[in-house]
Every structure is written in structure tokens, then in C-alpha cells.
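Taking the hints into account, I'd like the entire structure generated from these sequences.
Protein chains in written order, with the working numbering: chain W, 47 to 492; chain D, 47 to 492.
Derived from the structure by calculation, the hints contain no laboratory data. Backbone N, C-alpha and C fix where the C-beta goes; we use that ideal spot for every residue, glycine too.
Pulled a few chain D residues facing chain W out of the computed Cβ check, cut under 7 Å:
no., residue
1, CYS90
2, GLY91
3, ASP105
4, LYS445
5, ALA451
6, ASP467
7, LEU468
8, ALA469
9, LEU474
10, VAL477
Here is what each chain is made of, one letter per residue.
Number of protein chains: 2
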Amino acid sequence: MGTRLLVIGGDAGGMSAASQARRLQPDLGIVALERGRWTSYSACGIPYVVGGQVPGVDDLVVRSPREFREHYRIDARTGHEAVALDLGARTVEVVDHGHGRTYQLGFDLLHLATGARPVRPDLPGADRAHVHGVQTLEDAAHLLEHVQADGPGRVVVVGGGYIGLEMAEAFARRGCSSVTVVEQAREVMGTIDPDMGALVAEAMRRAGIDVRTGVAVTGFPPGGVATADGGLAADVVVLGLGVAPDSALGAGAGLAVGARRALVVNARQQTSADGVWAAGDCCQSFHRVSRSAVHVPLGTHANKQGRVAGVNIGGGYATFPGVVGTAATRICRTEVARTGLSSAEATAAGLAFDAATVSGTTRAGYYPGADRITVKMLAERGTRRLLGAQLVGGEGSAKRIDVLATALAAGMTVDDVVGLDLAYAPPLSTVWDPVQAAARRLAGSG
Amino acid sequence: MGTRLLVIGGDAGGMSAASQARRLQPDLGIVALERGRWTSYSACGIPYVVGGQVPGVDDLVVRSPREFREHYRIDARTGHEAVALDLGARTVEVVDHGHGRTYQLGFDLLHLATGARPVRPDLPGADRAHVHGVQTLEDAAHLLEHVQADGPGRVVVVGGGYIGLEMAEAFARRGCSSVTVVEQAREVMGTIDPDMGALVAEAMRRAGIDVRTGVAVTGFPPGGVATADGGLAADVVVLGLGVAPDSALGAGAGLAVGARRALVVNARQQTSADGVWAAGDCCQSFHRVSRSAVHVPLGTHANKQGRVAGVNIGGGYATFPGVVGTAATRICRTEVARTGLSSAEATAAGLAFDAATVSGTTRAGYYPGADRITVKMLAERGTRRLLGAQLVGGEGSAKRIDVLATALAAGMTVDDVVGLDLAYAPPLSTVWDPVQAAARRLAGSG
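This is the structure:
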């Protein structure tokens, strides 16, 4: 019998690794376990299924178990959950939910991609049936049935981060009778500065969504949400409080954990144990700007880390250089993006910085369809090193953050950004791209 | 009397410098001469005035002479042309076209921003009245009067570069009875590889424009264009053969000229003579990828170089880091962009390279409005250093080139590009951005 790679977790971080390992090692035996019904899907697409822009949950699946079996010779088993791991014996205990049985499976090489779980608040009633997390396609299917069966009702979203706001918009698109977002902090979008988050909240309010900030949730009574400011009736409550790494299987087997109990990995995605790799939401990442270990659960990182792990498992050499903190979304026709450190993060890292905010347009001001864009940029005092940036604006705004994500990876100063040779044509940009206008302001000649 | 700065040329390269110098030196006397009727305008917007998306020529003016006088205390004189320069005597001879007089003007510091002129082919009839260049707002006003007075007619565009194709689309939008593009090379858009240029030609043909490649123009008989393949009737002929630096004034006074007879400048935009600066289409630039002097007449460079010259003139310190060859446009709903070296340019520079072309979508494939994007990327053999890239695709394609322009400025390899932390959300991108998919292909794991 040949060498067997066992992959635990059938989404991006797992299946990218399995595919790369197969590409490099045609003779490797590969088994992939996925506790859910689907493999290799876009969880980020869930709000658009709920919102109706995408017809169904199946549209989010990139590759089915059958495709993995037939085209990659990967034994992908859905409904199979690894519940215990013995690294010494090189075995896992697996529950086959479809057949109600448990079995042992041996491996030579192990790759963990166990993902993350939605954070559930430690509050009365948080486990009631009307309180939903949004992380897996099962969650999406469940919410979708609810919306379709019961018709538009009253929705309360708890937490004003990316997923919370995306879900609020989705329910508003479905014609729910009311959609309310409750956020404990002073502004939504805690990953960007409050002055920028306020622009997002305004866009949501213009779209008819009731956004309440500075309001603490105290519990989930039947048919509602209790807050410090009084009760809210709700047919559906959606939790948008972020996710925590689902590292229990690896940690229980003795693997080292770090930031937020995510699995510790090196640049090749190797865990603290020989022959054991990890990728995606279950593990931590190196932040190239703050130069610290962080937990950033995003599909882009899961895909890249999975690829790196798979290349290394297959006998090649690849490293994951780390993250710079890029994220983006579109909420109520308003694009939002960030990269690097926010003001709060820079302060927490002990960095002194200058910040500048500029407003511009996405196309030449005289060109039809030119829309507003606001750019906030942070640079380290003294060195003038770019530390981070945030954008809020119309169509064509968000992907401009990529220039600054690239500049952060290269360690550029704001002067370097001013000198970049960025594309200009009146239908596409202003002659000074808005991101360069912000850099000019920080460079002192804006 | 205080120090006098004389600026020759009232568009971006001149007035950016004048504004920066004023900011730093409140007491400097500043005179700016512009031979045309307008200052500080977007020549890149001309096709959109002709096409009707922008109401009139005046909409393209960023700042009028009056604004420069009142808000910047810059003595901006339109219709005044400098016709001779004496660097020893520190004087220019100026023709005031409005009053039909000539006068002498002295200066202490000189900044040249004399721009470029459309290339006129050395062919019979090239000076006939139906043959038009497109460079200044005067040209635009002239073409616009023609279209409005005579109504839609037959238009032939000679030359399939950016401005030629933009003008062809503009006339097609105006409802001209026929629009034909004649290009001598085997494909349009000579600044990108022919396989990518073909995608642009296809888009134009789908929009009803007759694109003829590999056809040499032999002359301009009355009411038409003569080609090696026979004659074409034309009420209007537009020349899109590029521009040449208008460096005669400076070169005549003894300033050093280089690539295509453009003025030689150092990183601070100083010419070969003390106290004489230059910026914009009249001067050459350093190419950061080919590491050679080039002439790249684009408004973005004129603005940046003008700013750098103005800071230095004002006693500050700034340098222009050079260009990486970025350019973009939108033709018939198809976005086109390029940066770095094309295959032909890389070969001419003696560089061995690998190229990869990938097709992807501008948004997640399942998201409404996802459009096709094709990315071609070149990397140096051995070092894997990114050399250049080209994109053709739907809405949201072109500005993705900025990531690669930034990567070129940083000297990144294709592996570095694969590892970039770019923004992802289903309405904005695929999880692997198309530019990273191309880099993956070159990195050997696509």
C-alpha cells in the first residue's frame, strides 16, 4: 500500500491542498473528510443566495465530491466527521453521519482544514431556534428555506461586521418587513475607522435598514432580541459576531495553538508536528505590517495557504508570505475596502502615524457615472511608511485597495505611492488616482 | 523686482509645476504662456466630447486662466506663443496672437512644458482640410463643429492606437454613416501583443466599426484616403498616428535631447541647463523595467513630473521615479490595459521571458454581471521577475493593471504576485484575482 494523505475539511483550505498534492504526486492515496454535505464552495456567496441574486446554494459549489473522485482521484467523503485524532498512532476516528457508524482511518500525512465556527454570544437564549449563524452552506440552505416558506418577516442582525451587514442587505432585498442591525460598538464595520464606518451606515439607512449602534444585546427571548435599550421583535435573528478557529481536533492532539487558539504554522503551512499541515480559517497567519501572528478567516487566505500546503505535501517548495489585512465588500451599492492597519490597530501596535482622508471620484469628474470615493490613509510618522488604508465609495472603488495591499507587501512609503504609474483614462479614473491623491496629502503636497 | 519663473505651456506639465512653485514660494513672480485658448485641460477627454458623453469642450477645463490669476497669482496668458528662447540672455520672444504683436520677456527660472504634436505622415495630401489631428482642445472644437454642422458622414481613422480607436468609437456613437479604422500593422493596439489586440478589434467590429489591419495608407486625395488596397471615401479623416515631442524651442536653445528628440531631464526634472526645468510630453522619462530612456506622452506623467518640477523650483526636493509603461482605455465597452513590457519590447530589450494567458471573470462566476477578462503576463526566464502584463475584458478589468504596475515598481517576481493579499468579495472579484491566476500559471501551479 502507498502513502496516504488524509485531508480533514472539504472546503478551500483542504481541497486546494489535496488538488496540488495530487498534481505533484500521481500515486499518492488521498482521502478527504467533510462533515457537511458540500465540498469546495464559496461561503462568501451565501448572502447573495439569501438576497436572491444567485439562484441557489448549489451555484456556490466550485467542485463536487464526484468531480474530486473522477478528475482528481481524491476519495472525498461528505457527511464524514473526524472526531478524534491520535498523532502517535496516525489514526482518526470518523463519524459517518449518513450511515450512523463510526470508523478508524489511518494516515501517513495529515492536512487540517477544519475551518471556523460562528461566535455564539454567552447570553440567555442564544441557542434558540430563531437565532442563526452563517458559516456553512447548511446554514444558508436553512435560512433560505425559512425566507421562502414563511415569507418576508422581521429580521434582526446582531453584529455590524462584513457578514452581518451583507446579510442585512440580503434580507432587505428579499422584502422583509423590517431589517435591523444592532451593533455594540459606536459604529458598524469595526475593521475600519469609525469615520469611515459611518459612511457605510449612512448608505444602509438610505436603503431603509435600521442601523442601531452603541446598543448591547442582552439576550434572545422567544420571538425577539433583548437589548440594553429595550426589546426588538424578530422572526429571524442572524448572528454576525465573527468566527473563531475550529482548532479543537488539532489542539486536542497536542498541536501548538496561538492567536485566538488558531493552529500555529510556519511559512510552509507545517504545524508543530512532523507530517502535519494546516490551512485556512483554523490556523493563524503572519501579518506583514504589524509583524505579528493574527487570525484572519478569509477565503482568499484559505485558498493560498491550501495551495502552499499542497505543494509542500507533494514534495515541492512553496511559502505563504503572510497577510496584509485586506478585505472588501459591497453593501447597499456602496463598496468598502481596507488593507493594512486601522487607526486602532496601529495604535495598539505602538506605531505613531499620520492620517489623511480625501474625497474624489471613481472616473474623471466630467465623465458620466463618476461616483464619489473617500480614501483614508495612514503612514508611519518619521519613516513615512504606508501602514494602511480604507476606501468607501461607488462602483469601481473597492478594488483600488489592491494597489495599497501591493504597496504594503513591498514596504512602500507614501512617496513611493505618489510616484506609482497607475492607469488613467477618463472612463476609468481621475488623472491622479484617488489612492494617490491620499498619498499626496500625506506626502505634503496634496 | 523679485525672481520671475516663466512657464511655457499651460497644460498639465506646466500648470502643475506653476501651482506647486506658488505653494512653496508666495513671493515668486510667475508668468505662464499658452499658445492655445485654454489652460489646464484634459486632452484625454476629447473623444468623449466628440462622442457626446461630455456636453462640451469647456467641461474638460480643470482650471481657467482667470482661476490661475485670482487664486494662484499666476499671470496666465493664453494665445501667447514663445517662438524663440535665449538661455544666455534669459529671454523669450513671444507672439501675442490675439493682438498680432511680438514682445520680449525676461526670466530667472524657466520651466518648459511645450507638449507634443500629432505625427503627420509624409504622404501626398496630408495637409488637406479633411485630415485632422487630435491633440489640443482647438482640434476637439474643430471636429465637434464639423460633426454638428455637417451631420454624420463617412469617417476614416488612420492608425489603430489608443486615440485612433477612441475617436473611431466616438464617431460611431455620433451616428456617422460609416467609421473605418486603417492600421498598417497586423493588428490594432500596437502597444499590446497582437493576440490581445485582436480581442479589441473584435469588440470594435461587433459595434459596427470596419477595422482593417495590415493596410498601408498611401495618400489623402480630396474626399478620401488612398491605401495599398484601394481608395476609401471620407468626409473626415482623423490621424491617430501618435505624437512627437514638441521640443524645438528648448532644443533650439541648446538643451540636450534624447529619445525621439525629447528633452533630457534628470530625476528632479532639471534639463541640461541651470535653472531650466521641463515636464510632460516634451521630455523623456526613465523606464523602470527596461531601464532605458523613453518618450511616453501621457497626462498622468505630465501631472506627476510637473508636480516634481514645481516642488524643486520652489526650493523643495522631489524626484520622479520613472514610468513602468502603464496605459489603459475603454473601447466599445471593452476595457484594455497594459503595463511593463510587451513581448516585442521585451525581445527588443534582449530579455528572455515566459508568457501565460488566462481567462477569468471580473466577479465570482455565479454573481450577476460577471464579465470575461483575459490576462496575459510576461516574466523573465530564470529570475521569474515580472516584466509586463496586458488585460482585455469587461467593466472592472482595466484598473486591475495597477496591481501589476505597483508590482513592477517594487521589482516583484510572479511568486510575489501569487502571494499578494488582494481584495475578494463575490461582487468584486474571483477568489483568485485574475491577475494572480496569470501569475500562478507562470509560477507553475496554475
